[in-house]
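Model the full structure from these sequences, guided by the hints.
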Amino acid sequence: MSIPLVILAGPTGIGKTEVALELAERLHAEIVGADSMQIYRFMDIGTAKPTMEERSRVPHHLIDIRNPDEEYSAADYARDATRVICDIDARGKLPLLVGGTGLYIQAVVYGIFEGPGRDETYREHLRELAEEYGNLALYQKLETLDPLSAHRLHPNDLVRVIRALEIFHLTGIPISAYQATATTPLAAFTPCFLGLTTEREILYDRIETRVDAMIETGLVEEVQGLLQQGYHAELNAMKSLGYKEIVAFLQGQTDLPTAITQIKRDSRRYAKRQLTWFRKYQNVLWVHRTPDMSSDQIVARCLEHIEMWRANL
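According to the UniProt record's numbering, the stretch in the sequence shown is residues 1 to 313, in order.
Because the hints were derived from the structure by calculation, they are not lab data.
It is possible that some hints are incorrect.
Here are the simulated DSSO-like pairs of lysine-lysine, each with C-alpha atoms no more than 27 Å apart in a straight line [what the hints assert, rightly or not]:
1) Lys-280 with Lys-264
2) Lys-141 with Lys-272
3) Lys-93 with Lys-239
4) Lys-272 with Lys-244
5) Lys-239 with Lys-272
6) Lys-264 with Lys-141
Model, not experiment: these values are computed from the prediction.
Following this line, the structure appears as C-alpha cells:
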C-alpha cells in the first residue's frame with residue numbers, strides 16, 4: 001500500500017514555513033525539508049531556515065545534515081527523504097514535504113532521471129571554459145542547446161549547468177526532455193500536492209522585505225563566519241543565492257548596497273523559475289495568497305483539500 005504524502009511547495013518568500021507549521025500541528029504531521037540549501041549547517045539566515053523555536057513546535061527532518069563543503073545530490077536527497085517518509089508513516093504520523101527545490105520534490109515524488117555516465121574529459125573542458133570565460137559563458141551555451149533547463153537553473157549553478165551540457169553532449173537529447181516525462185507519481189506514494197502563489201508584485205515585495213530582514217539579522221556576519229571557518233568562496237554552497245553576493249562584498253569586489261540589490265534581483269528571478277517548475281505538475285491545489293488573506297485562511301483552504309484527499313485514500 002502506498003504512503004500518504006502531503007506536499008507544500010511554492011516560491012521563495014511566499015510564506016511556506018508559517019503555513020507548514022500550522023498544517024503540521026493540526027494534522028499531527030512531521031515536516032520533511034525539501035530545500036537544497038537548508039541541508040547545510042551554519043547557513044541559517046541566508047537560507048531562511050526555520051528557527052530552533054519553530055523546529056521545537058513540530059519535528060523537522062533533513063535540515064542541517066551536511067557541512068557546506070560536502071556534496072549532496074538530488075539522488076542522495078531522494079534516498080534520504082524516502083527513508084524518513086517511510087519512518088514517519090511507520091510511526092503513525094503524516095509526512096509533510098515542504099520546500100521550494102523542485103528537483104528535490106520531483107526526485108522523491110516522481111523519480112529522478114539518472115542519465116548516462118560521466119565524461120570526465122568533457123567535464124574538465126567545460127570547467128576550463130568556465131574558468132577562462134566565466135560561468136555565464138556555459139549558461140549561454142545551455143540556453144542555446146536546452147533553453148528549458150537553462151530557464152530552471154541559475155547561471156552560477158555550475159554543477160547542474162555542466163551536467164545538463166554533458167547529458168546533451170552524450171545523448172543529443174536535452175535533460176529537460178527526459179524530465180518532462182516524469183509527471184506520474186511513483187507507486188510508493190499517494191501525494192496531495194499543495195502550492196502557494198500570489199500576485200507577482202506582492203511576491204516581489206515580500207522578497208525585498210525578507211532580504212532586508214536577512215541583512216538586519218546578520219547575513220553579512222554569517223557569511224564572514226563561514227569564510228573564517230575555512231568554507232571558501234569556490235564551494236557550491238558559497239556560490240548560492242545570497243551568499244556569493246555577500247562574499248563579493250567581503251572580498252572588496254562590490255559594495256553592500258549593490259550586493260543587496262543583486263540578492264533581491266536574483267531572488268525575484270529564482271522565484272519565477274520555481275513557479276515555472278511547479279506549474280508543470282497536474283492536480284496541484286494552488287492557494288492564491290491575497291494581501292488581506294491571513295495564514296489561518298490559507299491553512300483552512302489547505303485543510304479542506306487534504307480532507308477530501310484523505311477521504312479518497
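Consistency of the hints with the structure:
1. At most 27 Å may separate the alpha-carbon atoms for a hinted pair to count; Lys-280 and Lys-264 meet this at roughly 25 Å.
2. Restraint check: the Cα-Cα separation between Lys-141 and Lys-272 comes to about 21 Å, which is no more than 27 Å; the hinted pair holds.
3. Proximity of Lys-93 to Lys-239 is assessed by CA-CA distance (about 37 Å); at most 27 Å being required, the pair is judged violated.
4. The suggested pairing of Lys-272 with Lys-244 holds, with an alpha-carbon distance near 20 Å, which does not exceed 27 Å.
5. Our distance criterion of 27 Å between C-alpha atoms is met by Lys-239 and Lys-272, whose separation comes to about 20 Å.
6. At most 27 Å may separate the alpha-carbon atoms for a hinted pair to count; Lys-264 and Lys-141 meet this at roughly 25 Å.
Of the numbered hints given earlier, the model fails hint 3 alone.
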